[in-house]
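Sequences listed follow chains F and P, in order.
Mapping of the first sequence onto my numbering: residues 1 to 339, in sequence order.
Mapping of the second sequence onto my numbering: residues 1 to 415, in sequence order.
Just so you know, these hints were derived from the structure itself, not from any lab.
For each residue, glycine too, the CB sits at the ideal point set by N, CA and C.
Careful, some of the hints might be misleading.
[As the list claims (entries may be wrong)] Per the computed footprint, the stretches of chain P lying under chain F, defined by three or more beta-carbons under 8 Å from a beta-carbon of chain F, are:
| id | stretch |
| --- | --- |
| 1 | 153 to 161 |
| 2 | 284 to 297 |
| 3 | 302 to 316 |
| 4 | 337 to 344 |
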Amino acid sequence: MAKMNGAGTKEAAAGGAQVTFLEAIRQAMFEEMERDPAVVLLGEDVGVYGGAFKTSEGLLARFGWERVMDTPISESAIIGAACGMSYLGLRPIVEMQFIDFIVCAFNQITNFVAKGHYLWNAPAPMVIRGPSGGGVHGGPFHSANPEMYFVHTPGLKVIYPSTPYDAKGLLKAAVRDNNPVLFFEHKFLYRRIKGEIPAGDYTVPIGKAMVRREGRHLTILSYAAMMHTSLEAAEALAQEGIEAEVIDLRTLLPLDEETILQSVKKTNKCLVVHEDTKTGGIAGEIAAILCEKAFDDLDGPVMRVTSLDTPVPYAPTLEDHFLPNAKKVFTAAKELARY
Amino acid sequence: MKKELTRQQYVDLYYYMRLNRAVEDTMVKLFRQNKIVGGLYSSLGQEAISVGSAYALEKKDWLAPMIRNIGALLVKGVPPRDIFMQHMAKYDSPTKGKDGTSHFGDLDNLHIVSPISMLGDLIPVMTGVAMAGRYLGQKIVAMTWIGDGGSSTGVFHEGLNFAATQKAPFVLILENNLWAYSTPVRKQVPVENLADRAKAYGIDSYIVDGNDVVAMYSAAKEAVERARAGEGPILIEAKTFRRLGHAQHDPAEYVPKEMRTYWEARDPITLYEKYLTSEKLLDAKSKKEIEDKIEALLAKEREFAENSPMPPAELAEESVYCTGDDCHKIRAKWERPVAEVTPPKSSVAAVWTVPGFGSGKGSGGANAPIHFGDAPAATEKSVSERKPPAKIATKTGAKKPLKAAAASASRKARR
Ligand SMILES: Cc1ncc(C[n+]2csc(CCOP(=O)(O)OP(=O)(O)O)c2C)c(N)n1
Ligand SMILES: [Mg+2]
Numbered sequence: 001m002a003k004m005n006g007a008g009t010k011e012a013a014a015g016g017a018q019v020t021f022l023e024a025i026r027q028a029m030f031e032e033m034e035r036d037p038a039v040v041l042l043g044e045d046v047g048v049y050g051g052a053f054k055t056s057e058g059l060l061a062r063f064g065w066e067r068v069m070d071t072p073i074s075e076s077a078i079i080g081a082a083c084g085m086s087y088l089g090l091r092p093i094v095e096m097q098f099i100d101f102i103v104c105a106f107n108q109i110t111n112f113v114a115k116g117h118y119l120w121n122a123p124a125p126m127v128i129r130g131p132s133g134g135g136v137h138g139g140p141f142h143s144a145n146p147e148m149y150f151v152h153t154p155g156l157k158v159i160y161p162s163t164p165y166d167a168k169g170l171l172k173a174a175v176r177d178n179n180p181v182l183f184f185e186h187k188f189l190y191r192r193i194k195g196e197i198p199a200g201d202y203t204v205p206i207g208k209a210m211v212r213r214e215g216r217h218l219t220i221l222s223y224a225a226m227m228h229t230s231l232e233a234a235e236a237l238a239q240e241g242i243e244a245e246v247i248d249l250r251t252l253l254p255l256d257e258e259t260i261l262q263s264v265k266k267t268n269k270c271l272v273v274h275e276d277t278k279t280g281g282i283a284g285e286i287a288a289i290l291c292e293k294a295f296d297d298l299d300g301p302v303m304r305v306t307s308l309d310t311p312v313p314y315a316p317t318l319e320d321h322f323l324p325n326a327k328k329v330f331t332a333a334k335e336l337a338r339y
Numbered sequence: 001m002k003k004e005l006t007r008q009q010y011v012d013l014y015y016y017m018r019l020n021r022a023v024e025d026t027m028v029k030l031f032r033q034n035k036i037v038g039g040l041y042s043s044l045g046q047e048a049i050s051v052g053s054a055y056a057l058e059k060k061d062w063l064a065p066m067i068r069n070i071g072a073l074l075v076k077g078v079p080p081r082d083i084f085m086q087h088m089a090k091y092d093s094p095t096k097g098k099d100g101t102s103h104f105g106d107l108d109n110l111h112i113v114s115p116i117s118m119l120g121d122l123i124p125v126m127t128g129v130a131m132a133g134r135y136l137g138q139k140i141v142a143m144t145w146i147g148d149g150g151s152s153t154g155v156f157h158e159g160l161n162f163a164a165t166q167k168a169p170f171v172l173i174l175e176n177n178l179w180a181y182s183t184p185v186r187k188q189v190p191v192e193n194l195a196d197r198a199k200a201y202g203i204d205s206y207i208v209d210g211n212d213v214v215a216m217y218s219a220a221k222e223a224v225e226r227a228r229a230g231e232g233p234i235l236i237e238a239k240t241f242r243r244l245g246h247a248q249h250d251p252a253e254y255v256p257k258e259m260r261t262y263w264e265a266r267d268p269i270t271l272y273e274k275y276l277t278s279e280k281l282l283d284a285k286s287k288k289e290i291e292d293k294i295e296a297l298l299a300k301e302r303e304f305a306e307n308s309p310m311p312p313a314e315l316a317e318e319s320v321y322c323t324g325d326d327c328h329k330i331r332a333k334w335e336r337p338v339a340e341v342t343p344p345k346s347s348v349a350a351v352w353t354v355p356g357f358g359s360g361k362g363s364g365g366a367n368a369p370i371h372f373g374d375a376p377a378a379t380e381k382s383v384s385e386r387k388p389p390a391k392i393a394t395k396t397g398a399k400k401p402l403k404a405a406a407a408s409a410s411r412k413a414r415r
């Protein structure tokens with residue numbers, strides 16, 4: 001018998017630990033597989049190697065070849081097979097090596113996986129997860145934020161967490177959900193962000209946003225890496241006497257309209273910050289919701305700070321220009337506060 | 001012709017082919033009366049394939065039909081009324097009018113996976129069904145069909161290759177009916193026998209006369225049992241011909257007359273009737289009994305279907321999501337000890353063993369080097385602990401201080 005490859009049980013049992021975003025994700029998978037033998041993992045290099053980013057390190061050693069499957073480079077086949085597995089009551093977790101490659105399986109996800117429950121009463125409990133986002137100079141094919149392709153697909157749920165606590169709790173909730181859930185892991189956060197997670201089992205409810213910082217002058221809505229950027233901007237705004245309320249959307253589909261509306265009805269101003277490109281980003285959807293449901297409460301335009309409407313460029317000078325940053329958020333928020 | 005069929009099995013095959021054709025004939029009538037909501041496809045001349053292959057499955061096995069596999073659905077136990085109502089978009093149909101044609105399934109009883117229109121997508125899905133069945137110890141086989149045209153899709157390759165690497169208990173029937181809509185097979189695939197593709201996946205294949213139901217059944221039966229025994233997926237190419245157009249709207253004038261004449265003389269039901277008669281397995285009396293039985297059944301089924309209402313408009317809004325246990329109790333049916341797949345029994349040495357070269361392990365675990373786009377943990381970066389950055393207003397982005405490190409790391413470990 002092989003020596004266990006230190007897979008997270010000890011850490012999890014110890015609890016109350018500071019863990020990285022990446023470790024939180026690994027623990028979630030580890031504990032869910034421990035809890036329920038119907039949970040299996042499949043993807044490219046997830047087994048012996050432990051995943052390109054090591055999110056599945058140690059899972060094969062503990063759970064074996066039948067539950068941790070190294071697959072060919074065939075995104076459609078991996079997701080299609082996971083869908084078939086879900087029909088027999090399994091709860092597969094699929095890793096996309098980089099989330100950019102998820103579009104290779106676009107058809108399987110949007111036509112097969114997403115529509116089954118509506119059309120023929122066939123739930124497909126599965127999680128599709130993988131490293132997303134820019135800021136690490138991965139270039140145009142290793143930096144994508146393709147969440148909105150899927151937010152536009154009824155039948156899916158879409159999660160994009162920003163803290164280790166949420167990443168673990170939401171991933172566990174996703175595994176236990178009876179619907180297909182897309183789980184985006186911003187790779188910039190993997191080892192840069194640490195946070196405390198409690199000992200033992202917990203979940204974070206899907207579809208609930210969270211107020212990260214209270215304020216009364218304006219609302220900043222964001223998620224994932226830009227959550228941290230927004231908090232940083234809020235801190236700077238506070239220095240100038242502007243109290244921004246910062247809300248972490250956490251789940252993009254279904255969107256927590258209640259929390260959004262509650263905050264905007266209080267602050268009367270809303271700025272949406274996301275790393276996704278501008279046109280067709282969630283900010284546009286939120287602006288429409290606010291127009292429909294909080295028009296009389298708005299004292300200024302719904303504003304947005306987003307990436308440029310271009311592919312993600314490679315050179316650091318270009319990518320820095322492409323991405324939002326705290327300064328851009330700060331500037332936009334100040335402008336909005338003037339209304 | 002195989003000896004191992006019982007008299008009853010010979011008659012069953014005949015009954016289901018006749019039923020298949022009669023169901024489709026009835027739907028043509030409904031179509032002409034404008035009672036069918038969308039298009040109507042036909043499997044005229046291909047009944048032996050659907051019926052013969054599905055008949056090789058056991059009750060616990062899984063199948064997923066394509067548009068020309070009404071016969072397979074009937075063999076698996078779908079009542080004709082469901083097929084009629086699907087096409088008529090009725091409220092009592094399996095999808096309550098949300099989808100049409102053979103696009104419906106039954107996870108709990110009949111073990112049928114619903115297809116989607118995108119050709120080839122069922123191949124990986126049924127591979128997953130086969131893998132899950134094996135994992136749960138159910139000893140099932142999964143089967144689906146694909147056309148000569150559909151075999152040109154990328155997902156055909158991905159799916160069959162994945163099934164092969166996994167040795168999944170999966171049987172794929174490739175119905176080579178020589179046409180994909182208006183495109184002849186030679187423009188789809190420049191090889192004589194589509195079964196040859198199996199070689200590329202290291203799996204076995206059969207070539208069968210798709211108009212000979214007993215040959216079809218025998219090949220499918222052998223394939224199903226081999227797959228069940230753990231030999232991996234098997235591809236069966238059934239040679240046949242699409243006798244009508246792509247669907248009702250298509251007169252198929254692009255098909256040469258001689259070709260049609262040739263194949264019309266090889267009608268699978270006529271051929272089988274001749275065989276059964278010469279082998280004294282069917283006489284005029286029992287043939288008449290079967291015809292009467294089908295006629296009575298379909299009259300009843302059609303009446304039920306026609307009387308079913310259209311779905312209420314509000315139904316359009318319902319059931320996008322499963323709401324949880326109240327909606328679906330999702331439980332895997334274990335037919336092997338769970339202890340086999342849970343620690344400590346499941347634990348293995350996480351190494352690749354390469355014959356002749358020994359073994360190598362994955363990575364250094366916690367000490368693994370920094371990977372693409374990755375950087376060392378910045379403990380001070382937890383959300384609550386962020387310092388009030390006076391500098392923000394000047395220039396620094398949140399990510400700024402860490403970028404240099406990330407850039408050099410990513411350069412080293414790139415792709
Ligand atoms: C991916 C995809 N592309 C196009 C179509 C449209 N389409 C439906 S059936 C068909 C022809 C299929 O030919 P074949 O696979 O040989 O099956 P047959 O109709 O002969 O049974 C086409 C092009 C489709 N359903 N799916
Ligand atoms: Mg064809």
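Okay, the hints, checked on the actual structure:
1. 153 to 161: holds (count 5)
2. 284 to 297: violated (count 0)
3. 302 to 316: n = 0 at 8 Å, threshold three: violated.
4. 337 to 344: holds (count 5)
The earlier numbered hints that this structure contradicts are 2 and 3.
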